[in-house]
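Going down the list, the sequences are from chains W and R.
First residue of the first sequence: 1, per the working numbering; consecutive thereafter.
First residue of the second sequence: 1, per the working numbering; consecutive thereafter.
Mixed in with the good hints there might be a few duds.
A few chain R residues facing chain W, derived, Cβ under 8 Å [as the list claims (entries may be wrong)]:
(1) Phe-34
(2) Gln-42
(3) Ser-43
(4) Leu-44
(5) Leu-46
(6) Thr-49
(7) Ile-93
(8) Glu-104
(9) Phe-107
(10) Gly-108
(11) Gln-109
(12) Gly-110
(13) Arg-112
Simulated from the structure, these hints should not be mistaken for laboratory data.
Fair warning: this is a prediction, and the values are worked out from it, not measured in the lab.
All residues carry an ideal CB built from backbone N, CA and C; glycine is no exception.
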Amino acid sequence: AQSVTQPDIHITVSEGASLELRCNYSYGATPYLFWYVQSPGQGLQLLLKYFSGDTLVQGIKGFEAEFKRSQSSFNLRKPSVHWSDAAEYFCAVGALVGGGADGLTFGKGTHLIIQP
Amino acid sequence: GAVVSQHPSRVICKSGTSVKIECRSLDFQATTMFWYRQFPKQSLMLMATSNEGSKATYEQGVEKDKFLINHASLTLSTLTVTSAHPEDSSFYICSAAPGGAFTEAFFGQGTRLTVV
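Assemble the whole structure, with the sequences as input and the hints as a guide.
Here's what the structure looks like:
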């Protein structure tokens, strides 16, 4: 069974500082990897995704993530955070089933706090 | 981008009554739709997967008689929480995936259900 681990429950970063959110996955085949952001009481917004090809993926809002197969990781990074980045971040892994999408397995999330 | 609309965004119901949540794909045909549940400050857990015209597939531990899922058309899936109890209070989120090659599933805004 697939699983996703986000080892950091909370992370506090000063505004303007760099950010890295960790994500490790366990899956038997090549995974499809996603990072989502969720503001309180809201749905999910896709930041970026990795299906294949270049292992460094660029997303929205200045985020990027790097797929490292050898480490089973898909860490999210941003060079300079803004106060509006404060939110809950979820890493997720999906699979291809019968040529179509399968339900996602989510990590427990990392709560990002931005200090002024 | 693809839009998934979920309705209602919030609902309060009395214990013992049933509540229906709708998930619509507005600008694409969704071969597959997924229903997730999120407890406060926790991750999303996949409840069930539905394919248009067939019975939903429920994850282990999810009561199919309590959480009725109907995917009658390529743009609409509904989740009915039957005989709701306070422990069913949660945030329910749907996602929809187009047919053909796997790309990604698009999420609705979520429904906050409170059972009193």
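The hints, checked one at a time:
no.	hint	in the structure
1	Phe-34	holds (5 Å)
2	Gln-42	holds (7 Å)
3	Ser-43	holds (5 Å)
4	Leu-44	holds (5 Å)
5	Leu-46	holds (4 Å)
6	Thr-49	holds (5 Å)
7	Ile-93	holds (6 Å)
8	Glu-104	holds (6 Å)
9	Phe-107	holds (4 Å)
10	Gly-108	holds (6 Å)
11	Gln-109	holds (4 Å)
12	Gly-110	holds (4 Å)
13	Arg-112	holds (7 Å)
In this structure, every one of the numbered hints holds.
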